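**Student:** Given chain A's structure and the hints, the job is docking chain B onto it.
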Amino acid sequence: MTQHLPLLPILLPLLAGALLLFSSEARHGRRALFALLATLAQVVVALALFAATHAPSFSPWPGEIGVYALGDWAAPFGIVLVVDRLTALMLTLTATLGLAALIYALARWERAGSHFLPLFQFLLMGLNGAFLTGDLFNLFVFFEVLLAASYGLALHGSGAPRVKAGLHYIAVNLVASLVFLIAAALIYGVAGTLNMAELALRLPQLDADARALFEIGALLLGIVFLVKAGAWPLNFWLPATYATATAPVAGIFAILTKVGVYALLRFSILFGQDVAPAPFKGDWLFYCGLATIAVGTLGVLAAQKLDRLAGFLVVISSGTLLAAFGFTGTTLTGPALYYLASSVLGSGAFFMLIELAERNRAATADFLAISFDAFGVQAQADSEHPDETAGVVIPAAMAFLGLAFFSCAVVLTGLPPLSGFVAKFALLKAVIAAPPAAPTLHAGLLFAALLLSGLAGLIALSRLGIRVFWDSERPTPRLQWLEAGPVAALILLCILLAFGAGPAMHYFDAAAGSLHDPATYIDAVLPGSRGMP
Amino acid sequence: MEIVFSLAIGVMAGSGIYLLLRPRTFQVIMGLSLLSYAVNLFIFGMGRLRTGATPVIDATRGADPALYADPVPQALVLTAIVIGFAVTALLLVVLLAARGLSGTDHVDGREAERE
Chain A
1 MTQHLPLLPI LLPLLAGALL LFSSEARHGR RALFALLATL AQVVVALALF AATHAPSFSP
61 WPGEIGVYAL GDWAAPFGIV LVVDRLTALM LTLTATLGLA ALIYALARWE RAGSHFLPLF
121 QFLLMGLNGA FLTGDLFNLF VFFEVLLAAS YGLALHGSGA PRVKAGLHYI AVNLVASLVF
181 LIAAALIYGV AGTLNMAELA LRLPQLDADA RALFEIGALL LGIVFLVKAG AWPLNFWLPA
241 TYATATAPVA GIFAILTKVG VYALLRFSIL FGQDVAPAPF KGDWLFYCGL ATIAVGTLGV
301 LAAQKLDRLA GFLVVISSGT LLAAFGFTGT TLTGPALYYL ASSVLGSGAF FMLIELAERN
361 RAATADFLAI SFDAFGVQAQ ADSEHPDETA GVVIPAAMAF LGLAFFSCAV VLTGLPPLSG
421 FVAKFALLKA VIAAPPAAPT LHAGLLFAAL LLSGLAGLIA LSRLGIRVFW DSERPTPRLQ
481 WLEAGPVAAL ILLCILLAFG AGPAMHYFDA AAGSLHDPAT YIDAVLPGSR GMP
Chain B
1 MEIVFSLAIG VMAGSGIYLL LRPRTFQVIM GLSLLSYAVN LFIFGMGRLR TGATPVIDAT
61 RGADPALYAD PVPQALVLTA IVIGFAVTAL LLVVLLAARG LSGTDHVDGR EAERE
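Chains as they are written, first to last, in the numbering used here: chain A, 1 to 533; chain B, 1 to 115.
In short, the hints are calculated from the structure, not lab data. Being a predicted model, the structure only gives us computed values, none of them experimental. Every residue gets a Cβ at the ideal spot worked out from N, C-alpha and C, and that includes glycine. Heads up, some of the hints might be wrong.
[Stated by the list, open to error] Label-pair ranges, simulated between beta-carbon atoms:
#1 Gly52(B) x Ala208(A): 53 to 63 Å
#2 Asp283(A) x Thr60(B): 16 to 26 Å
#3 Leu451(A) x Leu101(B): 36 to 46 Å
#4 Glu111(B) x Ile459(A): 50 to 60 Å
#5 Val56(B) x Ala74(A): 49 to 59 Å
#6 Arg30(A) x Arg99(B): 52 to 62 Å
#7 Asp283(A) x Phe26(B): 16 to 26 Å
#8 Ile17(B) x Pro503(A): 45 to 55 Å
#9 Asp283(A) x Arg48(B): 55 to 65 Å
#10 Ala399(A) x Leu92(B): 41 to 51 Å
#11 Leu37(A) x Pro23(B): 39 to 49 Å
#12 Glu111(B) x Ala208(A): 50 to 60 Å
[To be verified] Derived contacts from chain B toward chain A, CB cut-off under 8 Å, selection only:
#13 Gln27
#14 Val28
#15 Met30
The following block holds chain A by itself, in its conformation from the complex:
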């Protein structure tokens, strides 16, 4: 039974989503419970995989890396799912953030439009699949699954700004998908395989002509991943989409850009740093990341509203990751993975928090009233489900919001004492230690970019925080436990990540170590293939 574990993160949300499609929206209590159980099960499965990759005694497979051949067809012919430490980490992050966003949505957002719960499950399926898959075309398919679900979720709640931003988001991602197809076809046409491990083996054997075509394919592939990761200049769709999406959706979207980052990292290491084509190679990626940080920093300073600010903070975190992965040497990968975990949890909490803090803003309230009205959701106490919609006034609602805002700001800008600081500190430490192996110019630039982007984030967050929280005109928002709970839980996870920084960093370094040893990955997927012509 346990050897089928890697399949469950795809199968569970698929079945749950399909079943939810068939149940009537009117029974939302039962549907909510079902969706909650399905997501909870995914958390358990993700944790089991996490344990299996970390401690070999738990693991159902021999060796560090778990390979699941669908239908038991061996690797280059069949489709494989591959679980290594990085995959298990991403799966755990997805499931945790998904659970938090789902609980938050159940408070009321789920009913602001139709089919929220099934779409949410399909989004989780796409994310899990993209992290698990071991071949290029299935990566495309899972990208499409998660994008199709994200289109629906981005438009959830409707309204003119959402439809406008959604239109741009869909158009950009459709073009990116077409480019992905060209890239996949080109790579298949040249290398004759779509399996990622076999691709890595075939790459050094290509002759010059084929190699040129392969580089074009890889270039296009890199562009697609950079679009998904929100790298400048391919990220103009990002802030508007994230700012207009409803709070729980924006919360789960916090991990969407990390799919692009994950794919870039996976391919750049499999292709091998010295033979990797341009967009996957050091310098190129490094400067792209720096430009992204710069644009994100300017955007953060210019943002007049918290939701746009949060969008640009996501851009900065993508830029930081790209620059760290593009940096010469491998010492930055472990700290960068720690930064990834901390920033996903922090920005997820922040997106959900913003909506709570800004709930009473007149414009949003009117707009919401219309969309809730259209779907028959009553903002006031509902006789049928009194405890779900009435909202308990937490006595210290404002204190909670203030504290949560402060914690998120500290995590996202990298100030002590929370996980953001540990992440940035570890990154800076690795950057300082890098020369002379890496160019001093690069180290200096990255050092400055990390510190300046943190400073800009801090300035912008305190300016907008003052406007939101030190405004006596503003009535105290009413919080529901269902909404405050997930935000608090995500922040708590950031605190735990900071307290357990030692063991956590150990794990992330181990993940980076096994990642930078592509031979184990290839051996696990294609046993005994190396050395063969």
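**Tutor:** The following block gives chain B in isolation, referenced to the frame of chain A:
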């Protein structure tokens, strides 16, 4: 055959990109459709162009791979067509919603200012 095939892809991709950059939502969706046809043909072409070769092994012909067309790109193109079709349909719905909400078919939801 190769010349005609590549010209078809080139013309469709070129027109698709031109339309994609136009300001009307209808032009954008037509551009995306043309582009996806070009991409589908391209994937198909990556299996090398063959006439009279089937992708499925036939008992009477034997198992020599040289007698058959590459089945993988054909499977890929099928998946790509289905996904592209579904997502384009979804975009069409969003276009209609945008048209209804903003009262214009400009991609930015408002007319560009004229000189």
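**Student:** Evaluate each hint against the coordinates.
**Tutor:** Tested hints:
{"no.": "1", "hint": "Gly52(B) x Ala208(A): 53 to 63 Å", "verdict": "violated, 33 Å"}
{"no.": "2", "hint": "Asp283(A) x Thr60(B): 16 to 26 Å", "verdict": "violated, 56 Å"}
{"no.": "3", "hint": "Leu451(A) x Leu101(B): 36 to 46 Å", "verdict": "holds, 43 Å"}
{"no.": "4", "hint": "Glu111(B) x Ile459(A): 50 to 60 Å", "verdict": "violated, 37 Å"}
{"no.": "5", "hint": "Val56(B) x Ala74(A): 49 to 59 Å", "verdict": "violated, 21 Å"}
{"no.": "6", "hint": "Arg30(A) x Arg99(B): 52 to 62 Å", "verdict": "violated, 37 Å"}
{"no.": "7", "hint": "Asp283(A) x Phe26(B): 16 to 26 Å", "verdict": "violated, 42 Å"}
{"no.": "8", "hint": "Ile17(B) x Pro503(A): 45 to 55 Å", "verdict": "holds, 51 Å"}
{"no.": "9", "hint": "Asp283(A) x Arg48(B): 55 to 65 Å", "verdict": "violated, 36 Å"}
{"no.": "10", "hint": "Ala399(A) x Leu92(B): 41 to 51 Å", "verdict": "holds, 48 Å"}
{"no.": "11", "hint": "Leu37(A) x Pro23(B): 39 to 49 Å", "verdict": "holds, 47 Å"}
{"no.": "12", "hint": "Glu111(B) x Ala208(A): 50 to 60 Å", "verdict": "holds, 52 Å"}
{"no.": "13", "hint": "Gln27", "verdict": "violated, 11 Å"}
{"no.": "14", "hint": "Val28", "verdict": "holds, 6 Å"}
{"no.": "15", "hint": "Met30", "verdict": "violated, 12 Å"}
Comparing the model with each earlier hint shows violations of hints 1, 2, 4, 5, 6, 7, 9, 13 and 15; every other hint is respected.
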